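First to last, the sequence lines map onto chains A and B. Counting from 1, one number per residue, gives the positions in the first sequence under the working numbering. Counting from 115, one number per residue, gives the positions in the second sequence under the working numbering.
Rather than coming from a laboratory, the hints here were simulated on the basis of the structure. All figures in this text were calculated on a predicted structure; none of them were measured in a lab. Quick reminder that beta carbons are idealized off the backbone N, C-alpha and C, glycines included. Some hints here could point you the wrong way.
Unchecked claim - Across the chosen pairs, the derived CB separations fall in these ranges: (1) B:Thr121 to A:Lys57: 15 to 25 Å; (2) B:Asp132 to A:Asp18: 20 to 30 Å; (3) B:Thr127 to A:Gln14: 35 to 45 Å; (4) B:Thr173 to A:Asn24: 35 to 45 Å; (5) B:Ala117 to A:Gln3: 28 to 38 Å; (6) A:Pro114 to B:Thr127: 20 to 30 Å; (7) A:Thr27 to B:Lys154: 20 to 30 Å; (8) B:Thr121 to A:Gln14: 33 to 43 Å; (9) B:Ala117 to A:Gln80: 20 to 30 Å; (10) A:Thr28 to B:Arg177: 45 to 55 Å; (11) A:Glu17 to B:Asn171: 39 to 49 Å; (12) A:Thr27 to B:Leu168: 21 to 31 Å; (13) B:Asp132 to A:Pro8: 36 to 46 Å.
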Amino acid sequence: GQQVMQIPQYQHVQEGEDFTTYCNSSTTLSNIQWYKQRPGGHPVFLIQLVKSGEVKKQKRLTFQFGEAKKNSSLHITATQTTDVGTYFCAAPETGGTSYGKLTFGQGTILTVHP
Amino acid sequence: DTAVSQTPKYLVTQMGNDKSIKCEQNLGHDTMYWYKQDSKKFLKIMFSYNNKELIINETVPNRFSPKSPDKAHLNLHINSLELGDSAVYFCASSQWPDPSYEQYFGPGTRLTVT
Numbered sequence: 001g002q003q004v005m006q007i008p009q010y011q012h013v014q015e016g017e018d019f020t021t022y023c024n025s026s027t028t029l030s031n032i033q034w035y036k037q038r039p040g041g042h043p044v045f046l047i048q049l050v051k052s053g054e055v056k057k058q059k060r061l062t063f064q065f066g067e068a069k070k071n072s073s074l075h076i077t078a079t080q081t082t083d084v085g086t087y088f089c090a091a092p093e094t095g096g097t098s099y100g101k102l103t104f105g106q107g108t109i110l111t112v113h114p
Numbered sequence: 115d116t117a118v119s120q121t122p123k124y125l126v127t128q129m130g131n132d133k134s135i136k137c138e139q140n141l142g143h144d145t146m147y148w149y150k151q152d153s154k155k156f157l158k159i160m161f162s163y164n165n166k167e168l169i170i171n172e173t174v175p176n177r178f179s180p181k182s183p184d185k186a187h188l189n190l191h192i193n194s195l196e197l198g199d200s201a202v203y204f205c206a207s208s209q210w211p212d213p214s215y216e217q218y219f220g221p222g223t224r225l226t227v228t
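Start from the sequences and build out the full structure, keeping to the hints where you can.
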């Protein structure tokens, strides 16, 4: 089945530093979603990207979808301690009986040191 | 009001026992899911139901049996629990089974099998 590779697995930053997590697929994606899971919490939807080359911003968070729709990134500018958690990308399986199935990346665990 | 709720939040049990986890959503969504998150935070879909009908059934041991009495409820029954079943189980829902719709996750049930 489709795999979405996400790197890095862990990222430790000082408060105020920037952070980026990347997702890559060997196949063209119809869309990609991003979720955030706080420690001890549950995944919460952040955003969905659909168009080739799309860039969306949410305050200090910038989401990009590659031109070939095979990769995506989430960049956080000037991290804060409230940014700690695990960030997941997720993309739908396409075709066949996999309709409706989201495949999640492995997640990037972000730690922010004050 | 909680959008997606799960009970219990914690479940500690011995190997060989049978246990159930319940999930309810009050969002009026048609589609519900069960995910398993292992100790490395990897999220993997187990089952999906659309309006009480099973539409996704991943390679899961048949000791796991989902039941959807109505479209607002999706329960998970696990027979003959094994050590490897220890994980966090998340219920989720989305408006439709189309993976372009965001998914809303419940708070999770942390299952520990001893």
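Which hint numbers does the structure go against, in order from smallest to largest? 1, 2, 4, 6 and 10
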